[in-house]
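Trainee: As a plain string of letters, each chain reads:
Number of protein chains: 2
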Amino acid sequence: MSKITLTHLAKKLKISVATVSKAINGYADVNIETKKKVLNLAKSLNFTPNAQAAFLRTKKTKVIGVIIPHISHPFFSNIVKGILNSADKNGYLVILLRSNESYVHEKKLVERLLKHNVDGIFISLAHDTYDLSHLEEVKKSGAVLIQFDKISKILNSSKVVIDDRRAGYIATEHLIKNGCKNIVHFRGPLLAQISIDRFLGYKKAIEEYNLTFDKNKVILFDHLTDQEGYRKMNEFISKKINFDGLFSISDYAATGAIECLKKNNFHVPNDVKVIGFSNWILTDKLTPSLTTIDHPGVLMGKTCFNLFLNEITSKAKKVKFKYEKKTFTPKLIIRESSVLNYQV
Amino acid sequence: MSKITLTHLAKKLKISVATVSKAINGYADVNIETKKKVLNLAKSLNFTPNAQAAFLRTKKTKVIGVIIPHISHPFFSNIVKGILNSADKNGYLVILLRSNESYVHEKKLVERLLKHNVDGIFISLAHDTYDLSHLEEVKKSGAVLIQFDKISKILNSSKVVIDDRRAGYIATEHLIKNGCKNIVHFRGPLLAQISIDRFLGYKKAIEEYNLTFDKNKVILFDHLTDQEGYRKMNEFISKKINFDGLFSISDYAATGAIECLKKNNFHVPNDVKVIGFSNWILTDKLTPSLTTIDHPGVLMGKTCFNLFLNEITSKAKKVKFKYEKKTFTPKLIIRESSVLNYQV
Numbered sequence: 001m002s003k004i005t006l007t008h009l010a011k012k013l014k015i016s017v018a019t020v021s022k023a024i025n026g027y028a029d030v031n032i033e034t035k036k037k038v039l040n041l042a043k044s045l046n047f048t049p050n051a052q053a054a055f056l057r058t059k060k061t062k063v064i065g066v067i068i069p070h071i072s073h074p075f076f077s078n079i080v081k082g083i084l085n086s087a088d089k090n091g092y093l094v095i096l097l098r099s100n101e102s103y104v105h106e107k108k109l110v111e112r113l114l115k116h117n118v119d120g121i122f123i124s125l126a127h128d129t130y131d132l133s134h135l136e137e138v139k140k141s142g143a144v145l146i147q148f149d150k151i152s153k154i155l156n157s158s159k160v161v162i163d164d165r166r167a168g169y170i171a172t173e174h175l176i177k178n179g180c181k182n183i184v185h186f187r188g189p190l191l192a193q194i195s196i197d198r199f200l201g202y203k204k205a206i207e208e209y210n211l212t213f214d215k216n217k218v219i220l221f222d223h224l225t226d227q228e229g230y231r232k233m234n235e236f237i238s239k240k241i242n243f244d245g246l247f248s249i250s251d252y253a254a255t256g257a258i259e260c261l262k263k264n265n266f267h268v269p270n271d272v273k274v275i276g277f278s279n280w281i282l283t284d285k286l287t288p289s290l291t292t293i294d295h296p297g298v299l300m301g302k303t304c305f306n307l308f309l310n311e312i313t314s315k316a317k318k319v320k321f322k323y324e325k326k327t328f329t330p331k332l333i334i335r336e337s338s339v340l341n342y343q344v
Numbered sequence: 001m002s003k004i005t006l007t008h009l010a011k012k013l014k015i016s017v018a019t020v021s022k023a024i025n026g027y028a029d030v031n032i033e034t035k036k037k038v039l040n041l042a043k044s045l046n047f048t049p050n051a052q053a054a055f056l057r058t059k060k061t062k063v064i065g066v067i068i069p070h071i072s073h074p075f076f077s078n079i080v081k082g083i084l085n086s087a088d089k090n091g092y093l094v095i096l097l098r099s100n101e102s103y104v105h106e107k108k109l110v111e112r113l114l115k116h117n118v119d120g121i122f123i124s125l126a127h128d129t130y131d132l133s134h135l136e137e138v139k140k141s142g143a144v145l146i147q148f149d150k151i152s153k154i155l156n157s158s159k160v161v162i163d164d165r166r167a168g169y170i171a172t173e174h175l176i177k178n179g180c181k182n183i184v185h186f187r188g189p190l191l192a193q194i195s196i197d198r199f200l201g202y203k204k205a206i207e208e209y210n211l212t213f214d215k216n217k218v219i220l221f222d223h224l225t226d227q228e229g230y231r232k233m234n235e236f237i238s239k240k241i242n243f244d245g246l247f248s249i250s251d252y253a254a255t256g257a258i259e260c261l262k263k264n265n266f267h268v269p270n271d272v273k274v275i276g277f278s279n280w281i282l283t284d285k286l287t288p289s290l291t292t293i294d295h296p297g298v299l300m301g302k303t304c305f306n307l308f309l310n311e312i313t314s315k316a317k318k319v320k321f322k323y324e325k326k327t328f329t330p331k332l333i334i335r336e337s338s339v340l341n342y343q344v
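Chains A and B supply the protein sequences, listed in that same order.
Numbering-wise, the first sequence is residues 1 to 344 according to this note's numbering.
Numbering-wise, the second sequence is residues 1 to 344 according to this note's numbering.
One chain only, chain A, in its complex shape:
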């Protein structure tokens, strides 16, 4: 049996889809006889109005699109979890899309979502997104735009972020307070705002504590994987630059670096203290367990949805509305990799 739709009913009764829709949805401007015919036929065919019919009526799809750079990153899994929870409770469906850190792809995905008339798009930008016109289009279309985590500072919309500068600062400060004087920094790609901000936090701590900032100790990453962490640490060790700490903006890259340090007979934390970022699952079970920065992904996802709901409700009621930026405070999780004689 194929789906019964408004069009089926319209064809059967030789009337327009709009009239059928109006009859089904109880509008007044339909002839009473026609209305009766439509409702009887709908009943006999076991028809229930579908989402497309509801859209014709409400101009809302109750669908949102969520674009994230990576699907397997635990942080993004948590954000998606938070969004899905809230969407579910409010009767929204969530289309999930992955930009794979590509601006070109991200742009295509946004266009596809707009064709589907989603009510909102939540996005964490790709590393190389510089042109923002595709996101201006979202706002022009009437859909709600929410930026999270990897955002553009110059594009107006509600935003959900963590205080990345502070995160970089407290991570570095923690290493300094535990005796580090020469701290290597694994930073992300050059353009991404989060990697810029975490780097600035690192630099601020170095300077405030009167250590010497050395750009040779800042290592750029395109792919924050364990293998790249291993490779870049190996490369750095071969340069024979003195170092006693590592602040990596990724737990995964940090685990690769620790493997490399062990291989080269550096003891963690005795010779080199290490702190990662994101509090990935199982980082508490490594030897040494990994000190890291935690960010509340699930709560951030929930917050994205709440901001979306505020905006769409305000617009529907035509009441005044102001973009909001919610900033979450990162949390230092101290474990064995950064502290001498660490006791649980």
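These are computed hints drawn from the structure, not numbers from a lab.
Because identical chains cannot be distinguished in the list, a pair is counted as satisfied if it fits within a single copy or across any two copies.
Straight-line alpha carbon distances no greater than 16 Å define the calculated EDC-like cross-link-like pairs of lysine to aspartate or glutamate that follow:
no., residue 1, residue 2
1, Lys89, Glu111
2, Lys115, Asp88
3, Lys107, Glu137
4, Lys11, Asp29
5, Lys240, Asp271
6, Lys181, Asp244
7, Lys108, Asp88
8, Lys285, Glu259
9, Lys177, Asp244
10, Lys153, Asp163
11, Lys81, Glu101
12, Lys107, Asp88
Add chain B to chain A, keeping to what the hints say.
Mentor: For chain B alone, kept in the frame of chain A given last:
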């Protein structure tokens, strides 16, 4: 600016939505003058047909729904990644939903997806799903149903699974070949087919190698977490039953068990050899690194999409179609936790 839709155009021109749709989509049965008017207005308003309009024409939404039990499980992340890749290449959008292992919730989600006229539903069943009428409804609606991983054997549809019985067998056999004679089994919930099959594989290996099957060594789990793994291992140790091996159907529960074993002065692998399941990220970096079973999540996701595409294409062409079941062979990943004097 709000979205321009077929309805806008219809209202402006005081004609039916169906006529506008026909004009836009180049159907013949529209008055030539009307057609010209519609196209001119569409052009002047910068209108592009949206997905809802396309649906009215094609009865296809090019949207699929994917229901998984958990969002943060790495295996499901991989399946979703595989599905998203293929969907993206073929111009489909993916609505992601989480049943949270609840039949009641799963049923509600299926109904919601059907209201949105998705072209297909891919589902991994909740632990407690016994009634299957909501999935029969999917098939009746004309949407394609694909079951993956946690499937029902009695419900007809195309399916993508791993050979769980074989997985349980090779995991247990590996422990036996490494000297284990008393193997504890962490199994999942009673009803889930994957946990039944892995258990049967375990039992088969025990019997084929002439060891004694002991139901006291089979431990049921509702939640396969590290904490539960720790707690249940602790409980088992307190019973003073002799054991020298553990086959856990979850890596995460296995890591909790290993923590507990260490705490109780059992050496892994010298005293107890351990094998997990799923090859979670970072399990290769634990001390000892965790022996496990790998299943190709991304490939399985891709396969789900291909089966969907075959079915929908066959149905559109009205050619004969037969459900397919694709079974992937699990792979043993040998690491330190199960082998004496393991060398990389």
